[in-house]
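Here the protein sequences come in this chain order: E and G. At position 434 of the first sequence the residue is numbered 478 (the numbering used here), and the sequence of numbers has no breaks. At position 89 of the second sequence the residue is numbered 121 (the numbering used here), and the sequence of numbers has no breaks.
Hints were generated in silico from the structure; no laboratory data involved. Even glycine gets a Cβ: it sits at the ideal position worked out from N, Cα and C. It is possible that part of the hints are untrue.
To be verified - Partial pick of chain E residues on the chain G-facing surface, computed with a CB cut under 8 Å:
{"no.": "1", "residue": "Ala74"}
{"no.": "2", "residue": "Gly76"}
{"no.": "3", "residue": "Thr78"}
{"no.": "4", "residue": "Ala79"}
{"no.": "5", "residue": "Ser80"}
{"no.": "6", "residue": "Val88"}
{"no.": "7", "residue": "Arg91"}
{"no.": "8", "residue": "Ser122"}
{"no.": "9", "residue": "Val126"}
{"no.": "10", "residue": "Leu339"}
{"no.": "11", "residue": "Met407"}
{"no.": "12", "residue": "Arg410"}
{"no.": "13", "residue": "Gly468"}
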Amino acid sequence: MHSEEPEGNQLVPSKGQNLDPHLKRYAARAEGMTASEVRALFAVASRPEVVSLAGGMPNLAALPLDSIASEVAGLITSDGLVALQYGSAHGVPGLREQICEVMAIEGITGHPDDIVVTVGSQMALDLVTRIFCDPGDVVIAEGPSYVGALGTFASYQARVVHVETDSDGLVPEALRQALAAAAEQGQRVKFLYTIPNFHNPAGVTLAVSRRAKILEICRQAGVLVIEDNPYGLLGFDGQTYPALRSMDPDNVIYLGSFSKTFASGLRVGWALAPHAVREKLVLAAEAAVLSPPVLSQLIVSRYLATHDWKGQIKSFQTMYRERRDALLTSLDQHMPVGCTWTKPDGGFFVWMTVPEGIDTKAMQPRAVTARVAYVPGIGFYADGFGSRQMRLSFCYPTPERIREGVRRLSVVLEQEMELLRTFGPASRRIASGPQTPSPDTA
Amino acid sequence: MSDRTVAVLSGGLSHERDVSLRSGRRLSTALRSVGLTVDEWDTDGSLLTKLSVQQPDAVVIALHGGEGENGSVQTVLEMLGLPFVGADSHACRRAWDKPTAKAELSRAGLLTPDWVVLPHSTFRELGAQAVLDAMVARLGLPLMLKPDQGGSALGAQVVRDAAELPAAMVNCLAYGETVLAEQFISGVEVAVTVVDSADGPVALPAVEIVPESGVYDYTSRYTAGFTNFHTPARLSAKTAGEVAELAVSAHRLLGLRDVSRTDAIVDDDGSIYFLEVNVSPGLTETSLLPMATEAAGRSLGGIYAELVDRAIARA
Chain E
45 MHSEEPEGNQ
55 LVPSKGQNLD
65 PHLKRYAARA
75 EGMTASEVRA
85 LFAVASRPEV
95 VSLAGGMPNL
105 AALPLDSIAS
115 EVAGLITSDG
125 LVALQYGSAH
135 GVPGLREQIC
145 EVMAIEGITG
155 HPDDIVVTVG
165 SQMALDLVTR
175 IFCDPGDVVI
185 AEGPSYVGAL
195 GTFASYQARV
205 VHVETDSDGL
215 VPEALRQALA
225 AAAEQGQRVK
235 FLYTIPNFHN
245 PAGVTLAVSR
255 RAKILEICRQ
265 AGVLVIEDNP
275 YGLLGFDGQT
285 YPALRSMDPD
295 NVIYLGSFSK
305 TFASGLRVGW
315 ALAPHAVREK
325 LVLAAEAAVL
335 SPPVLSQLIV
345 SRYLATHDWK
355 GQIKSFQTMY
365 RERRDALLTS
375 LDQHMPVGCT
385 WTKPDGGFFV
395 WMTVPEGIDT
405 KAMQPRAVTA
415 RVAYVPGIGF
425 YADGFGSRQM
435 RLSFCYPTPE
445 RIREGVRRLS
455 VVLEQEMELL
465 RTFGPASRRI
475 ASGPQTPSPD
485 TA
Chain G
33 MSDRTVAVLS
43 GGLSHERDVS
53 LRSGRRLSTA
63 LRSVGLTVDE
73 WDTDGSLLTK
83 LSVQQPDAVV
93 IALHGGEGEN
103 GSVQTVLEML
113 GLPFVGADSH
123 ACRRAWDKPT
133 AKAELSRAGL
143 LTPDWVVLPH
153 STFRELGAQA
163 VLDAMVARLG
173 LPLMLKPDQG
183 GSALGAQVVR
193 DAAELPAAMV
203 NCLAYGETVL
213 AEQFISGVEV
223 AVTVVDSADG
233 PVALPAVEIV
243 PESGVYDYTS
253 RYTAGFTNFH
263 TPARLSAKTA
273 GEVAELAVSA
283 HRLLGLRDVS
293 RTDAIVDDDG
303 SIYFLEVNVS
313 PGLTETSLLP
323 MATEAAGRSL
333 GGIYAELVDR
343 AIARA
């Protein structure tokens with residue numbers, strides 16, 4: 045045998061090695077940025093053998109790619125020197141005007157000057173949090189809430205207080221109580237973050253009858269409202285709901301996006317804010333990215349000008365409705381007793397609750413082995429709840445694949461219930477905090 | 033420069049796909065840096081066609097978990113008559129199944145923490161609490177719970193309180209049908225890479241693992257900075273020699289080939305316990321084999337290029 049170890053009885057001299065020499069230098073906000081088993085398992089979900097009911101990626105297959113390609117080519121030929129140059133942090137003026145037309149569908153009257161174009165609405169959310177939240181400030185959000193928003197709030201060290209949500213969305217009385225409790229404890233609540241339409245992940249829509257109440261409660265409490273509305277035009281019957289912003293323009297910052305209605309890869313979103321706030325958002329955007337990509341903005345602008353974008357959205361609605369139907373029908377057919385789920389009338393997601401004692405995060409490896417993926421509910425809460433829930437996406441797989449995915453998931457659940465019968469309920473695990481979003485969870 | 037063409041297999045469908053993809057990328061870069069031509073391939077339905085069309089001189093398996101370590105991919109390569117780096121399919125099967133490897137090495141006189149192996153069905157049929165009580169009576173607390181197969185500490189957990197056991201069992205059984213429960217040994221955790229050479233298997237310097245959290249779990253393994261490493265391990269030269277000897281013995285006794293990594297614990301009395309052996313050690317930026325390689329003054333690409341030559345020579 046050969047060994048490269050030295051001889052002798054002395055301790056082998058050795059220098060400790062830490063693979064991150066910057067470890068002690070990170071800001072406190074980087075604390076939760078660690079490797080995660082949940083995230084690693086999503087790598088398997090990208091394989092075609094796995095039915096991914098996890099990803100929130102829009103299905104772009106219906107886009108007229110040839111026509112868009114010639115528009116982009118024409119754009120570079122005619123306006124290349126503008127399209128490939130820096131732009132303004134405020135956004136391309138023509139696009140801002142078109143965004144006003146888009147928002148008008150949901151009753152919003154906005155001025156183009158009060159719009160800030162951003163790199164997806166995720167950046168808009170980041171900018172809003174940046175200018176409003178100091179460490180320790182409180183953000184009120186639905187329970188559950190969008191994982192990407194929780195990641196943003198965590199990175200600014202804001203505390204999230206979740207408020208109960210039912211099939212009609214945020215519960216006004218629960219919001220009132222949460223605000224009162226926060227005031228009693230001397231907490232500084234900066235804003236309510238809400239996704240009123242076709243919620244991610246809950247799949248519910250805030251009842252129209254609740255909207256004025258929610259706004260009134262927030263106004264009375266001196267709390268701003270951040271209305272995040274990426275799915276608002278994806279109602280399966282073409283229905284839209286009055287935007288909160290349309291009902292209280294002075295106290296609502298509206299976040300919009302072209303990611304679900306056109307092309308997520310272009311990363312074009314926006315914020316519509318009261319004038320004074322908008323000025324700060326522009327300065328914050330300048331500090332963050334100088335300007336959002338001009339090329340992406342001009343592509344969106346051309347698309348809106350030259351294509352039947354409303355007709356395209358209608359075709360998306362039809363496609364997603366078919367997928368939603370496949371998911372709901374399959375859940376009815378296959379899910380064991382004790383499972384309940386929401387029934388969305390738009391958007392991408394169904395929120396499922398599994399029988400007491402099952403921990404959806406602990407079950408995830410079994411699901412991956414069975415070649416089906418979902419997002420465990422715990423990621424959609426900042427406070428450790430959600431262990432009995434999971435988000436199921438119907439936006440990307442075909443109806444046939446969705447049906448197969450649900451069948452596989454039902455087998456996994458049966459196996460997990462068998463474990464439960466053997467060992468009793470899994471104890472509730474504490475969340476390690478929100479993970480930053482990936483395309484799989486966005 | 034070499035005119036060898038090799039196929040690096042990574043990815044796959046195991047729970048460790050993500051880690052494997054990172055290992056594959058790092059290994060491919062290392063092999064290219066020493067002049068080999070490298071194709072990086074996932075193991076999917078197109079693999080056999082690619083192997084038959086491209087006819088690489090050798091295959092290097094950077095798959096972790098499942099088919100890449102349990103002998104299945106090795107069996108296919110053996111059927112195709114393609115040279116590959118690493119243990120043959122039979123040896124992979126022995127090493128992959130942790131209880132089999134422990135039993136074999138224990139029979140040969142190596143120390144390994146006392147253990148029991150039980151499938152879910154036993155708990156179901158005999159009553160979980162009674163079996164868990166017997167397990168605790170036998171192994172004491174704390175105890176180590178892990179899936180009987182698999183790596184990257186997925187599903188592994190130190191159980192310090194009997195009340196935690198049912199939940200830990202549920203977590204563990206999400207990765208497979210059978211659990212391996214081991215007596216928990218407190219001490220210095222080390223990993224020893226063994227590489228075959230013309231003169232026989234050689235142990236590279238042991239890497240001592242000191243996770244900040246106290247547990248070398250998935251997060252500690254793959255978040256840079258969450259674990260401190262000492263290479264060589266802070267052991268007396270005598271113990272370091274014994275650790276190296278244990279790793280080489282495990283490599284030989286299990287019939288391993290080319291490269292392996294043995295994980296072991298040195299307890300406070302200096303006794304060395306075999307924990308498990310890996311036939312396809314991790315090669316990521318935070319993995320242990322590359323650290324050992326560097327401490328030995330050798331390059332990852334250089335070592336694997338030699339192993340490629342050995343694989344081709346024995347074909």
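- Query: Can you list which hints this structure breaks, lowest number first?
  - Reply: 1, 2, 8, 9, 10
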